[in-house]
Structure formats: C-alpha cells, structure tokens
Amino acid sequence: MDTTSPRLRMSILGVVVLGCFLALFARLWYLQVMEAPALAIQATANRTRTIATEAPRGRIFDAKGRVIVDNRTSLIVSIDRNELKKVKNRNELIARLADVLTSNGAPIKISTIEKRLSEKQADQLQAVPIAADVTEEVIHHLSEYSEDFPSVSFERKTVRVYPYGTAASNVLGYTGRITAETLKALEPGTDPDGVVKSYHPDSIIGLAGVEATYEKDLRGTPGVELVQVDSKNRPVGTESYQPPKSGNDIQLHIDIDVQVRAEQALVDRLAVLRGTSQRDGTKRAAPAGSVVVLDPRDGGVIALATAPAYDPQEFANGITQERYSQLQNINGASALIDRSITGQYAPGSTFKLVTATAALSNGLIDGKSSIYDDGVYKVGNPAQEFTNSGGQKNGNVNVVRALTVSSDVYFYWLGDRMDGTTLIQDAATAYGYDKKTGIDLPNESAGYVLTKAEKKALHNKYPTAYPNGDWYTGDNVQLAVGQNVVVVTPLQIARAYAAFANGGTVYQPHVVWKILQPNSSLSKPSDVLRIIDPVVTGTVTLPPDVRGPIESGLEGVTGPTGTAASAFAGFDLSAFPVVGKTGTAQVDGKADTSIFASYGPAVAPRWVVTSVMEESGFGAEAAGEVVRHVYELLANQSLTGAGTATSGTRD
Amino acid sequence: MLPQSISSRASNQSRRDPTAPLRHLDPVLIGCIVILSIVGLIAVFSATRGPGPDFSKSYLVKQSIFMLIGAGALGLFAAIDYRKLHDWAWVLYGATTFLLVLVISPFGSQSHGAQSWFALGPFQLQPAEFAKLSLIGALAFLVSEFRGDIDLRRLVALLATAGLPMALIMLQPDLGETLILVVITMAILLVGGLPTKYIVALTLVGLIGTLGALNSPVLADYQRNRLTAFVNPGDKSNKALYNIEQSQQAIANGRLTGQGLFDGPQTKLGFVPEQQTDFIFTAVAEQFGFVGSALMLLLYGLLCYRIWRIAQVAKDSFGTYICVGVLAMFGFSAFENVGMAMGIMPVTGIPLLLISAGGSSTITALAALGLVLNVHMRRFQ
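Each protein sequence line maps, in turn, to chains A and B. The numbering of the first sequence is our numbering, which starts it at 1 and goes up by one. The numbering of the second sequence is our numbering, which starts it at 1001 and goes up by one.
The following block holds chain B by itself, in its conformation from the complex:
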C-alpha cells in the first residue's frame, strides 16, 4: 500500500538522521530554478547573438559565468544554517548600506542616467541588488524579534531600517529597485503581524505620497511619462509608449505557438530595446508564443508557490519572514517586468530574476533561493 511504502522508506532513512538538511531539499523548487535558469540563458543568447552569421556569444558566456557564481552563492547560502544570519543580518545590512553610499560617490559609475554601478573590469557590480537580500535579512530579524507585536515605536524602527537603503537607491536614482524594497517591506510587515490600522494608514500614506510625487517636481518628466504610460496608452507625445507598443507587438507576434527559437523578427530586428534585461520577456514571448511564455510564467508561479509553502512550513518565524521577503522579491520582479512588457505596469527597469541578463541580480536571486532552500532543509532541526 502506498502510504505504508512511503513511511517505510522514511523510516529506513530515519535510521540515520531523519532531520539531516540534505534529506529535505525541495526538489520541485530546485527543478524550477534549473529550468528557469536554462530558459534564461537561451533567452539571453537569442536576444544578444545579433543578426549573424558570426553570432555573438559574449552575453551568453557572461551570463553563464554569473549563473555559476550564483550557483556557488546558492550553495553557500543554503549550506550555512540560516539562523546564523541572525547574528550577521546587521553586518550584511551595514555593508550594503556602505556600498550604496559609495556608489553615489565618485567611486560609482553612471549609465542610462543613473549612478548605480561599480565598474570591476569587464563586470559591473550593482549594490542595489544586494540591498534586497540584506534588507530581507534585517527586516526578518527585527520582525521575528518583535514576535508579532508591532507598536508604533517598533514600526518606526522598521520603517527607518527599510527607508535608509530606499532613500540611497532613490538618489542613484533607481525607481524600480526602490519599488522592490517597498514591496519586500510591505510583505514582511503584513505577515509579521502589523496591526490592520497601521496597514490601512500606511496604504493611505503610500497612495497620497505616490499621487503627490507624480504631481511634484521630485520626478523627472521622463520618469513621470514612464510611470503613467500604461494609464494613457493613446498619448502620442509620450516617448515611453513607443517602446511599450513595440514590445506588445512583438509579444503579439508570437501568437499561440511562437515564431520559433531565434526566429522573432520583431525582437531580432531590434524594435524592442533592452531585450536582454528589462524587455527579455518579449524575446521569450515572440519566439515561443503563448504556449511557451505561459509555461515559463507557470514555472515562475510554481517557484513562488514553493517559496510561499516553505514560508509556512518554516521552523521559526525568522525563516518564514526570509521566505516572505524572497517571495515578494520574485513575485514583484515577475509582475513588474512582464507586466511592463505587456503594457499593464509602469515602465521602470526591473530584471526578470533568473531570466534577464545581469550579474548582481542573478547572483542575488540565486543566493536568496539558497536561503529559502536553507529554511526548507532545516525545518525539522
């Protein structure tokens, strides 16, 4: 009988150490990571190989290197007991905060109008990506310390912790990364037991703040245009709309089954910008159609579901909050990146984690998933 055979196998294993972390890897999550990473490599190659016949492999090679480094980071973040992070959370937080300050100093480099990089030879380091992970660690630590009892004073402490990196990143400026930090903070506060009245209050403050920012000189015109493009799709004076239109046409061009691998004329001919990063989804959608891109989204959804599930089975609340933060990071990255390409979200550059080209984001994403696996592996310890 099936239940018995399972339990007998489990009892066989338990003869050694039933709580051994390696026995509790999440194969579904690992499967998702592996497949999505491969899809990402293919997508990056197809978006950057050029018209040929001498296909450029430089992006593919780079991204593969990042994947390997990321795999190492995943192993590292999974191997060391996540509870040790308790003691290291502030160190990490402090280190990234320092980097965030450094990057807007003359040490940082500018590109696309934002000072967000350190140039390290052929590679670029983007501290804002690491800030996501360190903020998750710091907030998870604090909220778990508060044990579901968040009063106003504690809320202010939490908001200050989250607000510092947000403010530094806004100085670059990088609206997309700031938004991710906002979403991460909101998710952890939600699950961490923030009283409903504060949630309502914060939501109201957020709404008023957003509307105020859109109508104030804080944002540059191009930023405002990007943010409001999806609300007024008919506004011809809005330059951001051109990219969105091209991107949607490219996605539509994929139809049900796609134009085939390496065969998307709209993306291949360069009508969609930043195909290897912000608009990578268009390359996938045009080449693999609804069937392919929906399957990829489904995998992404499954990945998120597994993280959500691990958040629930975690042994302690610290583990839960880490998972919730990572879930927010992945969920929002997918929703914003894909939603922007399809014209239902504001235009702001956020990588589609695991798929988009990019060293810092890929390594951070894999490290974060390492933490989630870590929480899952040690749920019986």
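So that you can see chain A by itself, here it is in the shape it has in the complex:
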C-alpha cells in the first residue's frame, strides 16, 4: 500500500478536520445542554450582587401591653463615593450639601462630611451616611433639586426609640452594628414564614439585655434586592426585590411602673445615703445597688433595677470612647454592669432563711428550741468570739424570734452544730444558690457557697488568693449568717425568697413572657407565637413545721419589734402584710452592704421584692426603705385592682 498516495492523504486530512469539528460539537452540547444548568447558576452568581435592607426590629411591650421599645424612622442623607468620583465640581457639591443641611435645621460642617467620606466601609456598594435625623425640609430640597446633587441620596431607616427613657435599660439592652467575628459565628433565626433572617456586614444586632438574648425573634427579615452588576461590579439593574419584614414583637413580665418606681427609689436612696456615716462611723459611699421584683408564682421578672444605669439611646447613635469611659465610673461604679444579675455579695442575715431551713428540716431544732443570746458566741479553744451586730443582747431566743430580731448568736450556734456536715450548703443549693438562675439575660453570675472540700480545692488551685485551705468551725459559724464563705447575686436572693413564698418551688426567672407576631396587636390571641412557660429548676421541701416558724419569724421583721420596723413605719401592713429579712453584710474597710429580701402579701404572695445596696449601711435603713417604696406602689396596685388583668391572664 502506497502510504504517500494523495487520495489517502486527502482522506486522512478530511478525517482530522472532521474529528476536530465533532469534538467542537460534542463540547458545545456538553456546555450548553448537559452542564448548562450548573454553569448558568455560577454565571448568575457572577453577575448579581445581593443588597440587603435592614428590617425594623420587633417592638417590646411590658406586662401590661405598653410599648417600651419602639422604632422610629430616621432620615439619613448619604453619598455614593463611586458616583462622587464622576462629579466634576466635587468640593462645590459638598459645600452646597453642607449649606442645605445647615440652613434646613441639620447643621453640619464641610470637614465633617469629608471625614465621613474618608472612613472605611464594609460594603463598597453602599452609600456613606453623611447625616442622620435630618429634617423633612432637607429631603424636600434634595428631591426637588436632585440634579444639583449628583451622588447624594437619602433614605428612611428605622432606629430604636425608648418611650420610658432609661427605664429598664439593663433589661432591654441596646443594639449596634455586628462585628466581623460575630457575623461569622452568629446563626440566623427564621421569621414566622420560615425565611432566614440573614446577616450582612452592616447588620444591626442586639448587643445586651433582651435585645441580645431574643435576637433571633426581634431581628426582622432583611429586604433582599438582587442587583445585576457588570464585570466592574457596577449596578446596572434590579433582578428581584423582596421587601424587608419587621421582627417578632415580644412582651415582658416587666411592669414598667414597678420598674420605674424601683429605679427611682434606688437612685433616690443612694443619693440620700451617699456621704453620710453608718453606725460605726464609716462613711457610706453608696455608689450602686439593685432591686429585683419577681413573681413568686412563676418566676416572672417584674422589675430589675440597677444603679447607676445608662441610656441605651447613647448606644443607638454610636457611643464615643470618652463617654464609654465615663459610664464605667459613676461615683466609682460602672453603669454598664447589671448588678441585679452579675453583682456578687455576701448575703448576710438574709441567708438565715437557708440556715433555718437546714436546721428545722433536719430536726436539729423545732420552732420552740431556744438558747440564751448574750450577744456573744464563743467557738473553740482558745475561744474565738462571734458577736451580734452592735453587740446587742437578745436574751432567750428561739428560731422565730432569732429571725425577727436578727440574733446572730442563735445562728452561730446552729452553724456550730452543723459543722462537719454540708446541711447548710445542701439547703442553699436547694434554694438555687451556688449556680446561675438561668435568667434570659446575658452575663449572669453564679456566686458560690463553699464546702470544706471546695475550700480545700480552691486553696490548692490558688494558694496565694486563698492562703488557708482548712475548714474551721468558724467557717461554718460564718456561713450560718451568710458571711465569708458565701457569695450570691441579688437575683439569687430574690429567687430563694420566691421559692419560700410559693411553698418551695424554685423557678428559673424569666424576663420575657410572650413572643408575638410582627406588628402584633396585643388584644388578638392569635398574634401570640409562643409563651415562655415557667421552668421549675428545683424544689425546697418545706413542710408546715419547717415553713411555719420561719414564716412567723420573717413576718415579725417588718413589725414593731422587727429589724425593719423603721423602714415600714407608717406602711399599712394590715392591708398588705410584708414578710422579709434584713441583711447587713460586712465588707472590710467599707460601709456595709445593705440587703433586704421580702415578699407580700403574706398570704398568697404575688411579689418578691429584694434590694442590695453597696456600702450603704444597715439592712433596713437603705435597702429596706427602697423595698418599702416599691411595696407602696404594689399595695396600691393590688388594692385598686390595677394589674389584675395581667395576673389573670398569666394564671
């Protein structure tokens, strides 16, 4: 066979060319028919960008349906930097804009505009906000003369409003722009229609309080605009638009009237005490304090006051570093800490509830077991002396009277007798001390109630901070009166007294009551998406022979012979009997921590009210006074029937 024959060679050439064309057809079929759907998705992703519009967050109502966090529209003027680059007389434009803003009630300097324009932004497609909360006149002018203001745009954004000002700011928290780390870690929730509430670099999220814990509910569903862009990422048109949708509303157990009263009473009392001297001559700094009002029937948080407090509005507009530092030091205390849930204090005599429960339920004493209180209790050899506050002698005391008059000696004796056991610690744990309450607010503290083993372990772990690892009888004696080896939060005190008040059920405190539809109407039951049910975290066994003597003892506290008699002088206890316990915790070199824990009315209790005030002195004179002021409002509510609708539906 002649391999050089032109005919053969022509055929070979033909076959090669044919082969090439067949390869092209095959590839074309593959790309345009077989792989097209997958490749087309990539192509669409390439030429579209998603622009998200933040939706209004859900509103927040108090227990009686009053709006305590709302939204309002803020008019914002922005400049698109990419468009600005194309403007010929750039400086003239900026001067003109400053002029329009200034002459229409929104004064601004040219330098301020330039500063804003030079700031870095997360999303280059988004225009730079130049001025917020401008007047309608500015908008009118800008839209009327829009040709004179190329690259300038305006929008209406929703921002948070607080009709009750700073009230409950620690509970409500505040919102702010998401950080890059949070953006990566945050799992978005879904709205009632199941649409994912996605986040983007400019998203606003809850940073504290309920705004943070109920972020998934409060966050609205962002509006999503699918914008077609060209290869240089310039927008050329809109492919689809889904409008933003408000977030779920929520209703709190908080009664804003009670909250405001608690805050006011606290601040007023701190101001009165500040700078005065307590009995032993120590100056009261009275820098800070807290009030907790709980519903003992379900753990609902009716008020949660802390002082000093901050204005969440300051955070809404972006806070300066200087102001932030100021807030961290108001009379020596930080306004950014919610003392009601993170403050850790020795509970002092309010802890006698626990000691008494331990002693009575373990048969160490009954209601009548008495000793002679000569003001001093001696332990060990050589004897270590523990005295009553102010060296007071109470004579013959049983548990009832010991609680009423706050006989430390009686409880030193109980502590001595229970040394070598963990009976007190066990009772404390039953009341919910030594662990977080699980309240639906961030940054709660747990406190601690040390046992012998725990003290040893602490010493071994931190030998310098805890130089002594041994457990002495003195430790148990101190524990019995809530000193030295026990630290609690105000919320834990309130929860323990709530458990005692309701007969032994320990509830997880809850600030939020209901989750409602976006833009809900409270009168429509169908608008309720879900109710946060009470959660029982434990029980304290309180048979009548245990609860009876303690209750009698606490009832006497507000009475004429009780330690809080002065605080409740003139309060109509027959109409609204208040059961409580004072506490005065010693702090080395400072004025005492003043504590008062209580509930009322005595029969069928509806409120637990506690207060803890730092460096403020004796229990009754500071915290007792504050609590009394809260009860004045509550007693009035309960007598006039105001608020019955609320408790009615809650039952």
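Treat each hint with caution, since some may be false.
As the list claims (entries may be wrong) - From the derived model, a few chain A residues whose C-beta atoms are all more than 12 angstroms from chain B: (1) V67; (2) R72; (3) H141; (4) E187; (5) P188; (6) P192; (7) G223; (8) E225; (9) G275; (10) L336; (11) G367; (12) P382; (13) Y472; (14) L529; (15) S574.
As the list claims (entries may be wrong) - Only some residues are given here: those of chain B computed to face chain A with a beta carbon under 8 angstroms: (16) L1190; (17) P1195; (18) A1252; (19) G1254; (20) F1271; (21) A1285; (22) A1311; (23) Q1312; (24) V1338.
What the hints assert, rightly or not - DEER-style ranges, computed between Cβ atoms: (25) A:E136 - B:G1260: 43 to 49 angstroms; (26) B:G1260 - A:K184: 40 to 46 angstroms; (27) B:L1219 - A:L117: 45 to 51 angstroms; (28) B:I1035 - A:E187: 55 to 61 angstroms; (29) B:T1210 - A:T190: 55 to 61 angstroms; (30) A:D2 - B:V1028: 27 to 33 angstroms; (31) A:L117 - B:I1035: 52 to 58 angstroms; (32) A:P150 - B:G1270: 21 to 27 angstroms; (33) B:L1261 - A:E147: 31 to 37 angstroms; (34) A:K184 - B:L1214: 41 to 47 angstroms; (35) B:G1270 - A:K115: 33 to 39 angstroms; (36) B:G1270 - A:L117: 24 to 30 angstroms; (37) B:Y1222 - A:D193: 50 to 56 angstroms; (38) A:E187 - B:I1208: 57 to 63 angstroms.
These aren't lab readings, by the way, just hints derived from the structure by calculation. By construction, the Cβ of each residue, glycine as well, lies at the ideal position given by its N, Cα and C atoms.
Given chain A's structure and the hints, the job is docking chain B onto it.
Structure of chain B alone, referenced to chain A:
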C-alpha cells in the same frame, strides 16, 4: 428524466464554452461565505455596540468596510488564473517576509505585549495574517514542483521556507499565528506526499519541542499559563482560567435556544474579554444557544468540506495544495478559536475567520477563499 434534463442543460451551455470559469463557481461555498460573513457582522455588532441607548456602530462600520475590501480581494484572487501565482508566489512570499521584518522594527506598533501591527490611520495592518496566504502559495509551489517526491534535502528546503515567517512571527511574539503556519505546513506536507517516516520523525520532534518549550524559559509565564490552562482547569492561581471560566459560563448561559439577539447578559455585561475577536464565539453561543451556534459551526464545517472537495477535484496539484493550505487555515482557526472559548484548547488569540472583527484577517480569509473558488472555476481549463 432527471439525468437527461441536467445533461441537456449542460449541453446547451456547452454550446458556448463549457470550461468558462464563471460557469463553474461553487454556489454552496459562496453561500457559506455570504451567510458566515453576515453572521460575523451581527456578532461583531452585538459584541461591540455597548449597553446603549446610543449604540456604537464603529466596529460594525469598520468590519463592513473590511468585508467590502475583502470581497474585492476575493474577486481579484478568483479572477486571475491561480496558475499565474506560480510566478508570483515568491514575490508575495518575499514581500510579506519583508513586512514581517519591518513590523518588528521601530516601524511596527505594539499592543497587548506583541509588536505585530502597522498603524495606518484608523486602521491597523497585521502582516502575519498575509503571511498565511503567502506561505500557502510558496509551499504549494514548491511541493507541486517536487511532484510527490520529497527527500530529506527537499524537506529541509520546505521547512526553511515555512520556518522563516514562523520565526519572524514568534519574534513579535504571536504564538497563535505561528501555530496556524505550522498547521498549514503540516497539511501541505501531508497531502504533498511527505514519506511516512518523515511525518513520524517530524511529529516526534514537534512533541519533544513542545514539551521542551513549555519547560524552558523561552515562553513567558503568562504564555505557559495560557497554554496549560485547559489541562488543569482547577488551578486557581492561573489567571488565564478566569477568562475561560467566564467564557464557558457565557456559552452555557445560551442553553439550547439562546438568550436572543443582543440579549446575552454574560457577554453584554463585559464578563468575557475580547468578545469581538478571540472570544466572539461566546457572543454567538450565548445569544443563539446550541441551535444557533451549532448551525454556525455546521456552516463552517460545510465551508471546510467544500474546500476539501475542491482540493480533490483541482486540475493540478498546485491547486490541490493551495486548497489544502486554505482548508488547514480555516479548520484550525475554527478549532482553536472555538475550542479555546469552550476550554478544550490552549488560550492563544486566533481570530475566527469571517466572524471575528479584524481587517487583515478578514481580507486574507476572503482572498484565500477567492483562490479556492479560482481553483474550482478553472478545474476544466
């Protein structure tokens, strides 16, 4: 009866001059040329008119002018008996070689990193395009002179003839045009009766040379990346891949029936570069889909088939080799250009003849087709 009627009509015509060239035009080939040229004008317009509403017509106008000049060249190259080229082959070869030298001298202009243009007012002259045609002429002349008897000495002469313009074009550098010259040479040598042992030897030398070049500093990094992109489609560091990815997405976006004329978002928004030249196929494929672009390829295939057929019916071997050269030129131009856009061929800029915008390439392509028609017309003379 059908055969009789045809023969009777033929005998009627033969009464005048049965071998008259004008009686033996190839209507199918001419049809292909006309339709492809129109498709080309539409494609160029859609790729260059911009987002509007003031659509730019400058490319359309320019390309139309080139088409007209090209039509003139086609007429000229078809009218003069191709056998006269026998005497002119070396003149043409010499003239283009001179231009190729001139273009890499300071007289030439640079663009996209290659010195391959003469700037002539608003137009640009690319001598490498003409070199294809002159090389076809020179090789066809030599091989036909050798009458199917190519020994080593003659092979060296042939390779030297082909190698000179290749070397000059590589100096610009223009890899794509050099490759076309290689393919043209290979096709003519194949049909011209190069003994199989030499074919095997040349193939081996070519393979080793290619691998060697890819692993040597002769090629710039960007050239190597382009050449190897289609082999490693997952290599994210390879910038050439971005264009290829966009181009394939645009083609896929055409689906079966296309997005419609002037309606390809991927190409319209500028995601595919050089749409009017190297990536013109993406514009066609996105707008007209598989149906449209396959039809265009089919027309291209038909064009190649007609050239192949004319190569076989040519009266002399000179005519055959000319057709084989032109066939190689068109076939490879289509395979490389379209294959590159679809990611199965290396990235190197070669125009899709008759479709891509470009004066020199369009005029050369039409002139070459004029020669093929010439061979067909005079197959009985």
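Original post:
Can we trust that P188 of chain A is non-interface, i.e. its beta-carbon lies farther than 12 angstroms from all of chain B?
Top reply: Per Cβ check, P188 of chain A is outside 12 angstroms of chain B; nearest 29 angstroms; holds.
Subject >> Consistency of beta-carbon spacing, L117 of chain A to G1270 of chain B, with hint 24 to 30 angstroms >> reply: 28 angstroms Cβ-Cβ, so the 24 to 30 angstroms window holds.
Subject >> Closest CB of chain B to the CB of G223 of chain A still more than 12 angstroms away >> reply: 23 angstroms, holds
Subject >> Given as non-interface: H141 of chain A, which should sit over 12 angstroms from chain B by C-beta >> reply: 31 angstroms, holds
Original post:
Would L336 of chain A pass as off the interface with chain B, using Cβ distances and a cut of 12 angstroms?
Top reply: 46 angstroms, holds
Subject >> Beta-carbon spacing of K184 of chain A to L1214 of chain B - inside the hinted bounds 41 to 47 angstroms or not >> reply: This hint holds: roughly 42 angstroms between Cβ atoms.
Original post:
For the hint on A1311 of chain B, does the least C-beta distance to chain A fall short of 8 angstroms?
Top reply: Since the shortest Cβ distance to chain A is 7 angstroms, the answer is holds.
Original post:
Okay, D2 of chain A versus V1028 of chain B on CB: inside 27 to 33 angstroms?
Top reply: Taking Cβ atoms as reference, D2 of chain A and V1028 of chain B lie about 31 angstroms apart, which means the hint holds.
**OP:** Mind checking the hinted window 40 to 46 angstroms against the Cβ distance between G1260 of chain B and K184 of chain A?
**Re:** 42 angstroms, holds
Original post:
Taking the closest pair, is the beta carbon of G275 of chain A still more than 12 angstroms from chain B?
Top reply: 69 angstroms, holds
Original post:
G1270 of chain B and K115 of chain A, beta-carbon distance inside 33 to 39 angstroms?
Top reply: 35 angstroms, holds
**OP:** Using 8 angstroms as the Cβ threshold, decide whether G1254 of chain B counts as touching chain A.
**Re:** 6 angstroms, holds
Hint compliance for this structure: every hint is met.
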